[in-house]
Each structure stands twice: as structure tokens, then as C-alpha cells.
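Construct the entire structure; sequences and hints are all you get.
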Amino acid sequence: MKHLALRVSLTLAAASALAAPASAAAPAGMIGAWMYSATSGTTYVDSATGSSGAPSGVGLFYKFNADGTYAYAYREAVTTYNCTTIFLVYKEGRFDVAGAKLVLHPAQGRATYTASCSPSLDSDRFLRPDELADDVYTWKLKANPDGAGRLLNLTTPAGATGDLRPM
Numbered sequence: 502m503k504h505l506a507l508r509v510s511l512t513l514a515a516a517s518a519l520a521a522p523a524s525a526a527a528p529a530g531m532i533g534a535w536m537y538s539a540t541s542g543t544t545y546v547d548s549a550t551g552s553s554g555a556p557s558g559v560g561l562f563y564k565f566n567a568d569g570t571y572a573y574a575y576r577e578a579v580t581t582y583n584c585t586t587i588f589l590v591y592k593e594g595r596f597d598v599a600g601a602k603l604v605l606h607p608a609q610g611r612a613t614y615t616a617s618c619s620p621s622l623d624s625d626r627f628l629r630p631d632e633l634a635d636d637v638y639t640w641k642l643k644a645n646p647d648g649a650g651r652l653l654n655l656t657t658p659a660g661a662t663g664d665l666r667p668m
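When we follow our numbering, the leftmost residue of the sequence shown carries the number 502, and every step to the right adds one.
Just so you know, not all the hints are guaranteed correct.
[To be verified] The calculated label-pair distances, taken between Cβ atoms and stated as ranges, are:
id, residue 1, residue 2, range
1, Ala608, Thr639, 19 to 29 Å
2, Asp625, Pro658, 25 to 35 Å
3, Pro620, Ser552, 45 to 55 Å
4, Asp631, Thr550, 38 to 48 Å
5, Ser548, Lys641, 18 to 28 Å
6, Ala526, Pro620, 11 to 21 Å
7, Ala539, Gly650, 14 to 24 Å
8, Pro620, Ile532, 15 to 25 Å
9, Asp631, Asp547, 36 to 46 Å
Derived by calculation from the structure, the hints in this document are not laboratory data. Glycine included, C-beta positions come from ideal geometry on N, C-alpha and C.
Here it is as C-alpha cells:
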């Protein structure tokens, strides 16, 4: 079975239009672009043509700016046979850091949904105010077991945790 790598390439723009001073200085080690990604192998190979379906995967991106603004993007692609569904969420706003506590205050965002086999379900819309609630995490920088640099670890109040790599 062929395995294809999913390449997620999103450019996170600085949210400079939303610039507002953070309540505490943004830690220098946090500033920059960070990502997490995971992909699966191909789940479908057309026996008549030999062509492979696209792999499925998730990408999570954060960009923290020294002025206390941030941008966030989440992309999930799922391919079943030859049908691909992609869900993308983008948010930007400001953030506050107090010790190990990180609070994201989204000011605006978009959600996009595309389904290659059901285009009538496609949508692209701004996020509603109820979808722009603050996101609270604990954060820390940790050693990268794969080599140089550090990882940004974020943990939700429910205990879900993940390591992001610098971009």
C-alpha cells in the first residue's frame, strides 16, 4: 500500500490589526509560530487505475506575537475511499500569560467545510460570538527529544495535552 505524506501549508498572518497590550509581557520563548501535525497513510487504492486516495490528517498552528496578539488555525482532512472532507477553523485575537496560565481571547475567526463528494454541504462563514469564547491552557517549554530547539506544551483544563514544534 502506498503511503502519502500530507503537507499542510498555512501561512498565519500577524493579527496586528487587533493589537492590544497583553496584561503581562509575552514570554520570549513563546513568541513565534508553532505547529502540530499527524497524518495517516492512504486508506484507498483504486484497483483499476492504481491511484491512491489522499491521506487523512490534522494540523494545528499557533502564532504568538510579542505585542500580545495571536493567530490560530486548525485543519482536519478525512478521506474515505475517494471522498475528502476538510474542516478548517481560523481565529485571531490577543492573549494573556500569567505564570503558567495562557488565555486566548479570540476577536474574530472563520470556519470552512468542504466535502468533495457532497459539495452542497460546503460552507465558509465567520464564527459567531458564542464560538469565540476564551481558550484557557497551561503552558510550558520543554526539551525536544528529536534534537535542537524546544517544544511548546499546551494543556487544557480537562487534561488534554500536546506538544507543538517551532515552524
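Verification of the supplied hints:
1. Ala608 / Thr639: 19 to 29 Å: 23 Å, holds
2. Asp625 / Pro658: 25 to 35 Å: Holds, since Asp625 and Pro658 (Cβ atoms, about 31 Å apart) stay within the stated range.
3. Pro620 / Ser552: 45 to 55 Å: Distance hint for Pro620, Ser552 is violated at roughly 21 Å.
4. Asp631 / Thr550: 38 to 48 Å: For Asp631 and Thr550 the Cβ distance comes to about 45 Å; the hint holds.
5. Ser548 / Lys641: 18 to 28 Å: Hint violated: Cβ distance 49 Å, outside 18 to 28 Å.
6. Ala526 / Pro620: 11 to 21 Å: Violated, since Ala526 and Pro620 (Cβ atoms, about 47 Å apart) do not stay within the stated range.
7. Ala539 / Gly650: 14 to 24 Å: Given about 19 Å between the Cβ atoms, the range holds.
8. Pro620 / Ile532: 15 to 25 Å: 40 Å, violated
9. Asp631 / Asp547: 36 to 46 Å: 42 Å, holds
The structure fails to meet hints 3, 5, 6, 8 from the earlier list, while all remaining hints are met.
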